[in-house]
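Engineer: Assemble the whole structure, with the sequences as input and the hints as a guide.
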Amino acid sequence: MDSPAESQKLCQSRGYSFPFLSDPKADVIRQYGVLHPKGGEDGKDIARPAEFLVDAKGTIRWVNLTDDIRVRARPEAVLDAIGRLDAR
Amino acid sequence: MKRRWNVPIWVGFAIVLFALASYIPLFALFPATRDVPWANYLLFVFGGALLAVGVRRAFHDPERFRGKISGSILAGLSALMCAFFVVTVVYFGKQIPSGESALRLGQPAPPFALQDAIGKQISSSDLLKSHRALVLVFYRGYW
Chain L
3 MDSPAESQKL CQSRGYSFPF LSDPKADVIR QYGVLHPKGG EDGKDIARPA EFLVDAKGTI
63 RWVNLTDDIR VRARPEAVLD AIGRLDAR
Chain S
27 MKRRWNVPIW VGFAIVLFAL ASYIPLFALF PATRDVPWAN YLLFVFGGAL LAVGVRRAFH
87 DPERFRGKIS GSILAGLSAL MCAFFVVTVV YFGKQIPSGE SALRLGQPAP PFALQDAIGK
147 QISSSDLLKS HRALVLVFYR GYW
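Those protein sequence lines, which keep their order, are chains L and S.
Using the numbering used here, the letters of the first sequence correspond one by one to residues 3 to 90.
Using the numbering used here, the letters of the second sequence correspond one by one to residues 27 to 169.
Since the hints were derived computationally from the structure, they do not count as laboratory data.
You may find that some hints are simply not true.
Stated by the list, open to error - PhoX-like mimics (lysine-lysine), calculated; alpha carbons at most 25 Å apart, straight line:
(1) S:K155 <-> L:K59
(2) L:K59 <-> S:K146
(3) L:K27 <-> L:K11
(4) L:K27 <-> L:K40
(5) L:K46 <-> L:K11
(6) L:K27 <-> S:K28
(7) S:K120 <-> L:K46
Stated by the list, open to error - Output of the computed footprint for chain L on chain S, the stretches with three or more beta carbons under 8 Å from beta carbons of chain L:
(8) 35-44
(9) 83-95
Here a beta-carbon is modelled for each residue, glycine too, at the ideal position from N, C-alpha and C.
Structural biologist: Structure, rendered in structure tokens:
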């Protein structure tokens, strides 16, 4: 789990402007069922890679769960899911 | 007659080194060469072929070409590097828990409040007041 300071460095170097949150106790990671127990450095609990799209009512409308840490949702796939959200 | 340097051995080894070292700083940056690392596989094959040519002629024509010992060592190292890359890609990259426990489509997303990178508390319900939807991206760490 990265500290806020670590995240800030990353955001600044990459120019990220979206909210970039830290979950140091992995509480939210557990609630979403995406914990990777002891997956991090020194056996720390981290998140498995996962992407969720949540609509305004708080319902999950799209989920992407990779089986390979190198392969993540591509931006087009996320935009496509958002587009389908509007269509309904 | 002075024996010649066996150039393909050294060029082949250099290409294999590049095949291993280039993935993270170069090919992983582009989805087309990241998800399936075909560019790196191709480099391994190309470097390996050059090494094979060099080692073969070092043994078949030792009067003219050097490289029996250096070629064998570099070919062995190259095989190890290639094996390391392949095992990392096809095995270690997939050692993550299955997604079975993850929340599913149509389920309510638990609301949350967490600190952002500058220590400001951000809550999902506040975000949803001013946005149509949220994209939540869980990732593994600094990379």
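Engineer: Against each hint, give a clear statement of whether it holds in the structure.
Structural biologist: Cross-check of the supplied hints:
1. S:K155 <-> L:K59: Since the Cα atoms of S:K155 and L:K59 sit roughly 10 Å apart, the hinted pair holds (cutoff 25 Å).
2. L:K59 <-> S:K146: Between L:K59 and S:K146 the Cα gap is close to 24 Å, so the pair holds against 25 Å.
3. L:K27 <-> L:K11: Measuring from Cα to Cα gives roughly 20 Å; hence the hint holds.
4. L:K27 <-> L:K40: 13 Å, holds
5. L:K46 <-> L:K11: 21 Å, holds
6. L:K27 <-> S:K28: With Cα atoms ~68 Å apart, L:K27 and S:K28 exceed 25 Å; violated.
7. S:K120 <-> L:K46: Holds, because 18 Å separates the two Cα atoms, which is no more than 25 Å.
8. 35-44: violated (count 0)
9. 83-95: Violated, because only 0 residues of the region 83-95 of chain S bring their Cβ atoms closer than 8 Å to Cβ atoms of chain L.
The structure does not agree with the numbered hints 6, 8 and 9 stated previously, though it agrees with the rest.
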